[in-house]
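Work out the full structure, taking the sequences as your base and the hints as a guide.
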Amino acid sequence: MKQDIKRAFKDSLPVLAGYIVLGMGFGILLATKGYGVWWALAMSVFIYAGSMQYLAIDLLAGGASLLSAALTTLLVNARHLFYGISMVDRYKGAGKKKPYLVFALTDETYSLVCSAEESHRYCFLVSLLNQIWWVTGSVLGSLLGGILPFSTEGIDFALTALFVTVFVEQWKSTKNHLPAIIGVVASVLCLLLFGADSFLIPSMVLITAALSVLKFVRKEAQA
Amino acid sequence: MTDLHSVWLIAVIAAVTALLRFLPFLIFGSRETPTFVTYLGKVLPYAVMGMLVVYCLRNISFVASPHGIPELLSVALVALLHLWKRNTLLSIIGGTACYMVLVQVVF
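Protein chains in written order, with our numbering: chain S, 1 to 223; chain F, 224 to 330.
Note that these hints are calculated values from the structure, not bench results.
Treat the hints loosely; a few may be bogus.
Said to hold, decoys possible - Here are the simulated DSS-like pairs of lysine-lysine, each with C-alpha atoms no more than 30 Å apart in a straight line:
#, chain 1, residue 1, chain 2, residue 2
1, F, K265, S, K98
2, S, K172, F, K265
3, S, K98, S, K2
4, F, K265, S, K6
5, F, K308, S, K97
6, S, K92, F, K265
All values reported here derive from a predicted model rather than from experimental measurement.
Following this line, the structure appears as structure tokens:
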């Protein structure tokens, strides 16, 4: 137990840096639109999806319709389907922990729990700690506003860096680099074709298609 | 905007987000996982991490200054540091510090 807590805490430190800063940015922006700390708290507890919460600020301030909010969420967060699909087996038998494990499956949490064979307790602790950092950040941002004594511009790069280290770690852990290459190439291709705002769903479709072809070709080769 | 409408907006966003997270488990959770999903579970993490890196870098412009140089340099530094020392915290702190200096001081 103690071992798990220690490891979960250490592994979640990069997320701490990223979430506190991004969370604060969220809280600050939300406050400038007239939504105070309770709104920030509620959103970070119940929505708990970083980029979507940033978009939600505009939806709230502009009084968007419920339908357009639902569609925006669908488009921006569709990538979470991927996380679920790849954790279906891993989270089998997680019992009472499962609803929260699934609810809290953000990009960053996924990157920490997806690679190694980790216990459900470890995954639960990582998930919980990460959300604590996110909630803390948004509440701090909402309360403190822009009174930080130094410039934190660029510190959100910590999350990009986290994904890069996981990418490298996974690259070294396997001899089959095709899935990783497919992920990068398909995403870059779709980014160029569809633009920054709408490339995620085409990327997911293309990645799934390419991985299916890969499985088919492998099977043929083995037969 | 009325507070009530805002509460509804937050509820809808939260519900759709949760639905997307729970859907695969609702579909495949209680029965034998289809072999194709098991296969995807094995290969998707590799592909998704590549997609997430691209997602993080989606807003850089190669046409306008600083041409994505801070991002690309810092990503390269993180990757090299990690290949060299394989220490996650070191790689992240090194890369982030590099990026902060580049965007705050250099560019």
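So, going through the hints one by one against the coordinates:
no.: 1; hint: F/K265 - S/K98; in the structure: holds (20 Å)
no.: 2; hint: S/K172 - F/K265; in the structure: holds (15 Å)
no.: 3; hint: S/K98 - S/K2; in the structure: holds (21 Å)
no.: 4; hint: F/K265 - S/K6; in the structure: holds (27 Å)
no.: 5; hint: F/K308 - S/K97; in the structure: violated (34 Å)
no.: 6; hint: S/K92 - F/K265; in the structure: holds (15 Å)
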